[in-house]
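On the provided structure of chain A, position chain B as indicated by the hints.
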Amino acid sequence: MTRPGSEGAPLRVAIIGAGPTGYYAADQLFRQPGLVVEIDMYDRVPTPYGLVRAGVAPDHQKIKSVTASFDKVAAHPRFRFFGAVELGRHLTVDDLRAHYHMLLYTTGAQTDRRMGIPGEDLKNSHAATEFVAWYNGHPDYRHLTFDLSHERAAIVGVGNVAVDVARILSRTPDELATTDIADHALEALRASRVREVYLLGRRGPAQAAFTNPEVKELGELADADVVAIPEEVELDELSRAAMQRAGDRATQKKVDLLQAYARRVPTGKRRRLILRFLVSPVELLDDGAGAVGGMRLVRNKLYATDTGTLQPKPTGEFEDLPVGLVFRSVGYRGVALPGVPFNDKWGVILNEKGRVLDAERKQPLVGEYTAGWIKRGPTGVIGTNKPDAAETVTCMMEDLAADRYLRPGAPSSEAAERLIRRRQPQCFSYQDWLKLNDVELRRGKETGRPRVKFTRTEDMLAALGRHPGRPRE
Amino acid sequence: MTVASLLARKGVKVITIEPDQQIRQALALLADHNIGAVVVVDPGARPIGILSERDIVRAAVRDERGVFDRPVSALMTRNVIVGVPQDDLTSVAYTMTDKRIRHLPVVEQGRLVGIISIGDVVKAQRDQYQGEVDTLQFQLIAEQDKPAARAG
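Sequence lines, in order, name chains A and B. According to my numbering, the first sequence is numbered sequentially starting from 59. According to my numbering, the second sequence is numbered sequentially starting from 49.
So that you can see chain A by itself, here it is in the shape it has in the complex (with noise of 0.2 Å):
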């Protein structure tokens, strides 16, 4: 048998997953030199770009520029999409070893980690996550509601996503009816009684996650008052010494920015954001009908492990917060796929440099791979996936060398699209997403926002004329 790659016989290779990272392997696949491939990407949702659509903040649309990049390598004549199409409901990994020399899978980091403490599972305490993919309009979470009645709210964590929260939470809706941010969404938060919204950091201002613009965003908004405590803000012995020695210029301008926040007077805007530092939270209290009444921290202090890093110890020093809605943002995680070895420990596809590994042998399994965030664990920016990919495109090439690949009885396109419309009739191509994304960006144009999303399979269906019960012809 030849060693697939030719024009006569294309290397023929599946993506699960159609976020950033499953683009970034897609595009160096076809710019191996001499290799003829055939990529066909599936995704879960009728629509790509994975988190970039769902998870990049609706106020943040330059970040979502990089989607022009993708709609490049979507262009070639050799890539195709499948979306609504999930691996588990619709496919199974054998069908996909019938149809492909090889399969990557790019699912991201799904879920998010819980803090594990007393009362997280009280009403009105929610995943950052879940409240994120909501007001992106991702249709599994469009129903999803937000008692935004309650005036105090305390978001767990400094990471991106917890301070993207703690913005859209902050927002007037004068501010987020410019942006994309889903029509479900906006309405809600119109009615949003949230007055005090709370950032809460277990160690210092020197190690919170957030990067320096976006802590500056933080002190712009356009009605919220930002507050830092001077005391939080102070720069311990530890942390002091830890950026000086690595002369650490960024990390100072953001503590000094943070610092400069605690000197702010308020200016007696209508809302108030409160950045919080060295607090965790043990416990949330119930109000005493199952929902959060409250959030009991302990004071944390820093101290150094073997390495060098700080971390957060409790002193038994306790204090309540009164709120009533609570998000956790202590970090995502990924969820195994039906048939694809997982490694639980750390929330990824059982991998070494993005082979995925058997789990019985921890050998690599013939043909299967992974990139991005279900590899490594949800690190990095976006750009980050890109060399992550190419490393995994790497392994990829040189197993196809060595004429290590899967074996398909059927590898042929049609055949692989004759069975998805078997499975999936009402499957979304690459075609069908650019006519929605016409109408979605020719609707922002008429409301002066940067788009209107389709949160609901069904309205995709009726914008393409086609109908919900009835297969495509």
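Honestly, the hints are just simulated from the structure, not real lab data. Treat the hints with care, since some could be wrong.
Unchecked claim - Okay, the calculated bits of chain A under chain B, using three or more residues with CB under 8 Å as the criterion:
1. 123 to 133
2. 295 to 305
3. 326 to 335
4. 410 to 416
None of these values were measured; they are calculated from a predicted model. Each residue gets a CB set at the ideal place from its N, CA and C atoms; glycine is no exception.
Only chain B this time, still in chain A's reference frame:
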């Protein structure tokens, strides 16, 4: 970025040896797995030392013939600096460079869960910087394209 994300893409293999095994066996492990150090563990999988190729080179210069038969415990470094999965990459990079450590065993509740090399750290940092540069470039280009599009 934390140590955990470096370990996530390294599989779950950690090459270990016991203190009473011979240097000969340690060398075979280093060669077979193409690595520069092995973690020395007690029967409870707790790391009690680390044995690097340098430890063996130094001993071989002193004792050309006998080195192969010596026990691992005789040459290993005992005061091992260990990491935990929650350690920050920047602190780890600083400490490894500062103390000239090339391998960092990672423990969780006293048990060995992985090992990272200075190469892993450098690669992770390079990918992080590359990613940031790439993302910033894209935003700059998008910024520059905006007024042009409006003018056109």
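**Violated constraints from the hint list, given by number and in increasing order** = Hint 3 alone not satisfied by this model.
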